[in-house]
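**Q** As a plain string of letters, each chain reads:
Protein chains: 2
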Amino acid sequence: MSKKVRLGIVGIGNQGSNYARLIVEGRVPNIELVAIVDTDPVRRDFAVEQYPGVAVFEDYVALLDSGMVEAVVTTVPHYLHPQMGIQALERGIHVLVEKPAGVYTKQVRELNEFAASKPELTFAIMFNQRTNPLYRRLKEIVESGEIGAIRRTNWIITTWDRPQAYYDSSQWRATWGGEGGGVLVNQAPHQLDLWQWICGVPKSVYAKAGFGFRRDIAVEDEVTAVVDYGNGATGAFITATHDLVGTDRFEILGDAGKIVVENSKTATVTRLRRSEQEINASIPADDIWKMTSDQFDPDEYYTQETLEFDTAWGGQHAIVLENFAANILDGTPLIASGSDGILGVRLANAIHFSSWTGKEVPMDFDEDEFLALLNKKIAEEGKFPQRP
Amino acid sequence: MSKKVRLGIVGIGNQGSNYARLIVEGRVPNIELVAIVDTDPVRRDFAVEQYPGVAVFEDYVALLDSGMVEAVVTTVPHYLHPQMGIQALERGIHVLVEKPAGVYTKQVRELNEFAASKPELTFAIMFNQRTNPLYRRLKEIVESGEIGAIRRTNWIITTWDRPQAYYDSSQWRATWGGEGGGVLVNQAPHQLDLWQWICGVPKSVYAKAGFGFRRDIAVEDEVTAVVDYGNGATGAFITATHDLVGTDRFEILGDAGKIVVENSKTATVTRLRRSEQEINASIPADDIWKMTSDQFDPDEYYTQETLEFDTAWGGQHAIVLENFAANILDGTPLIASGSDGILGVRLANAIHFSSWTGKEVPMDFDEDEFLALLNKKIAEEGKFPQRP
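Read top to bottom, the protein sequences are chains L and B.
Take the first sequence: its position 374, counted from the start at 1, is 374 in our numbering, and no numbers get skipped.
Take the second sequence: its position 249, counted from the start at 1, is 249 in our numbering, and no numbers get skipped.
By construction, these hints were calculated from the structure, which means they are not laboratory data.
Keep in mind that a hint or two might mislead.
[Unchecked claim] Cross-link-like lysine-lysine pairs, in silico, BS3-like; alpha carbons within 27 Å at most: (1) L:LYS377 / B:LYS359; (2) B:LYS376 / L:LYS359; (3) L:LYS290 / B:LYS265; (4) B:LYS265 / L:LYS265; (5) B:LYS265 / L:LYS203; (6) L:LYS359 / B:LYS359; (7) L:LYS359 / B:LYS377; (8) B:LYS359 / L:LYS376; (9) L:LYS106 / L:LYS377.
Being a predicted model, the structure only gives us computed values, none of them experimental.
Please take these sequences and the hints and turn them into a complete structure.
**A** Below is the structure:
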């Protein structure tokens, strides 16, 4: 029998119990679930009943000090990931953090720096959408240069509809002090990661956010962000939790082609026969009427391919869990290094920062200034402590 | 034989000769083409040869003073529309201005104010896309309240690909001093008008524009604009002249439904069975998993209808010309009053203003401040005189 990683799950809420189920059902063959910790007695009772033979703790430090686990996954409110990650790594325990890696870059940077000082330990993040065959293929196409240098990106992702009951289901959800944001920190981190993973990291962002626009919450339920990649290329990101019909349309325009993805399922890939700049220079004045009257023959300029993928929900989490354990056991490359988690947090912070100040914000914004603004929101809300 | 309006065409370039052809081919039964004016001798020779029996002038004031025409259409560089419109109206001549009505709101406001002082004269604008059955139907649906109050709008319209040869085809094109802008004043005015005609006029705008990004021009060949309607609703408008593949996707999200238009041809109209806020309030906590796992039954919440339209290019200009003449002859209501032209100019100005200053700009921006910035661009370009 091959070796299994002895895992502890920190937080047995929706996501934690999902992972526990995947493991006990045998869908993550290289992981053994040995311990669970939760501060909520109701959830501990659930764990005791549901997972016989698994140790259940009230205090996560006690779990870390128990010697029972060699790795943990942190499925806790976002603010807690960095400190729990550091405390685990301090004890020589491998860490898989849930997304987002934290709420503000300062805390995530501390986690990353600490993890960098422990290169012998595995530090990963649950960017399960990076296992989605569609997005993997898109990344390949972009990285291979098939569509050329990126000139513009647009992602409208409003399929994150959430009813008020969802927001009312726990005290910390959709608060500044408990969750640290709305759609940007809870639903859209997948797209914030994929967007940057595939298209690159922007240099600055301007954003307009609706705070409690269509839901009774303090944080944002809608965002319109415009990014500048610093080389002339720009992009737009639009997300919302109040669109029952929901749009998921992702466009990447390159110098040599274009990708249009609908519903995270169908990708239309256009490959130009020559670069856009070459085609542009070659069209004679006499042919302009063809462009302006839609009479030109597309075949002359490009080919199109349609890629169809199944919706890839569910199995992805098991893949990331297995990959995390495989990295621990035999050094299999990680799907997503934990240190990548800061990218999405930074973009979400920059979007908040811009929407609060009404100004364009560079991606290397002042982290302390951001935290001061966040703490002001937390103080105004008056429900949770400010953050260090 | 019924009466015909005696029309003069001011400027016999591409658009002017298109209108002349429509008239002489009998596609505008209530207009008689009696005179043409152009400053370019080559175009005048063309007119003499092409339209026998039609008087050809070199100077447009001479045409206005000739007593031959009772109405004119101005198909000249955008800057000239206001002054030519005023000079015609001064002489009791009805005016149809080509879009855009002008380059900056100050000059268009002067035209509008003068036209308002001559209510007995017809003052119209060539917003031919307002005759497009698709957009007319959308406006009906929105105005009837079928999709409720508008909460967000997105229009990606990058089907305006123009090669360098197009820009090089005349001296004034794509210059600050000659044309006054790029895609916003030349290609996208149709969408800027339709967007506001259907969805309402925003209160402020933030925009990022690419000036000579992918074409060798001084003005903008790409724009990303974010608008705020002042009531929480926001919108995005993205356009470019360097996307050979081209996207035309227009979304309107309302409180009671949604419209998604693809390629100005296919509109998917979703009508919610109850308002989004009622549905939101009615979804119990136990059903949240249905939302988060895409297991809910859409039929429970809404119906969808797909409307297909033919591409409506070509005939529209004849319809607007005929409507203009009908208004003169018997008071038939105008498709687009000339005074509406200021809306698109104002939005284009606000987008330029924001992209130059990097700041969000209110729609009631300072017109003199805008003109000063525009004149600075004209001075830097050094090809054309500054504007008063």
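**Q** Please go over all the hints and tell whether each is borne out by the structure.
**A** Now for the hints, and whether the structure bears them out:
no.	hint	in the structure
1	L:LYS377 / B:LYS359	holds (24 Å)
2	B:LYS376 / L:LYS359	holds (24 Å)
3	L:LYS290 / B:LYS265	holds (20 Å)
4	B:LYS265 / L:LYS265	holds (23 Å)
5	B:LYS265 / L:LYS203	violated (37 Å)
6	L:LYS359 / B:LYS359	holds (7 Å)
7	L:LYS359 / B:LYS377	holds (24 Å)
8	B:LYS359 / L:LYS376	holds (24 Å)
9	L:LYS106 / L:LYS377	holds (17 Å)
Violated hint for the displayed structure: number 5, the only one.
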